[in-house]
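S.K.: Sequence:
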Amino acid sequence: MMRYNKEFIMGFSQHVNNGDIMWKIALSMTATFPLGIIKSIEIAKKYNFEGLEIIVEPPNVILEALDNSLRQKIRKLSEDYDLTLFVHAPFYNVNIASLNRDIRHVSEKLLLKTIVFASDIGAKIVVVHPGLRFFPGEKFPQLVYSAFTETMFTCVEVAKDLDIQIALENRANTIDIGKTPEELLKLLELINFPKNVGIAFDTAQAQLVMNPVEFYKKIARYVIHAHIRDSPKNVDYMLAVGDGEIDFQSLLKEFAKNHYSGALVLEVGNMEHALISRERLLQIIRNLNIS
389 MMRYNKEFIM GFSQHVNNGD IMWKIALSMT ATFPLGIIKS IEIAKKYNFE GLEIIVEPPN
449 VILEALDNSL RQKIRKLSED YDLTLFVHAP FYNVNIASLN RDIRHVSEKL LLKTIVFASD
509 IGAKIVVVHP GLRFFPGEKF PQLVYSAFTE TMFTCVEVAK DLDIQIALEN RANTIDIGKT
569 PEELLKLLEL INFPKNVGIA FDTAQAQLVM NPVEFYKKIA RYVIHAHIRD SPKNVDYMLA
629 VGDGEIDFQS LLKEFAKNHY SGALVLEVGN MEHALISRER LLQIIRNLNI S
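All letters in the sequence shown, in the order written, are residues 389 to 679 by this note's numbering.
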């Protein structure tokens, strides 16, 4: 088992700061799975992360089991710890762009419940997968876009009323929509570029499509959230930063050039990878030359 000194565990400083660059480094519950929300918050605090992204997926997170008292406990704990919360909406067996109206309505209902949950616990961003293009959606892409638009118009209005931002995440599987920078921008255009909708940029998913730095440049204006992990080319592994082939130095330089102000959420496979990733990110950021 790897041994860590105090400086390594605490992340050197509580906030990434290099001149005008200030990013929070947050933990995803991918690193704490299968623990629940309260335990994950405690771990994020213990290791001095500044945020936690809650993944709303059974069996460890079931919205119906989180009554108002539990939601208020989560909110108070995060406030006491000065921990920023983010929420990742359900994605297994969920398709907000389904051509099957029943499936789409269930998916929409889950997303709306997630938005309300985020509001209840004080989170401000909900990450959403844009949807899946199964056959016959491949043959009727405009119908898929119409289904996506119908779902999103409803969810965007509810999110707006609750002061929640929706972050559409780039995906790279064969049946995903939102795979390319151009398609992500098209999705935003379809819903008229609402002020409370942006993009969650996933580094490893981007690399499956093209150079992540070039991918980011095309959507930088709309990126409000970032999932950080490393991976070899053509494979999506939840590796620590520096253990794959993503050029994080160039990528973070582009983040800074484009005034990215969101969090860096470490969506890695375990706590060891999270701690290693934070150390390496801090080293890169301190040495960034933006000129």
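If you are wondering where the hints come from, they were derived from the structure by calculation, not from laboratory data.
Just so it is clear, the structure is predicted and the values come from calculations on it, not from any experiment.
Cβ atoms here follow ideal geometry from the backbone N, Cα and C, with glycine treated the same way.
It is possible that some hints are incorrect.
Computed beta-carbon distance windows for the label pairs [stated by the list, open to error]: (1) 668 to 609: 50 to 58 Å; (2) 427 to 605: 34 to 42 Å; (3) 434 to 463: 16 to 24 Å; (4) 434 to 512: 17 to 25 Å.
S.K.: Does the Cβ pair residue 668, residue 609 satisfy 50 to 58 Å?
M.R.: 27 Å, violated
S.K.: Go ahead and decide if the range 34 to 42 Å is satisfied by the Cβ distance of residue 427 to residue 605.
M.R.: About 38 Å separates the Cβ atoms of residue 427 and residue 605, which means 34 to 42 Å holds.
S.K.: Range first: 16 to 24 Å. Now tell me if the beta carbons of residue 434 and residue 463 are that far apart.
M.R.: 19 Å, holds
S.K.: Is 17 to 25 Å respected by the C-beta to C-beta distance linking residue 434 and residue 512?
M.R.: 24 Å, holds
Consistency with the previously given hints fails for number 1 only.
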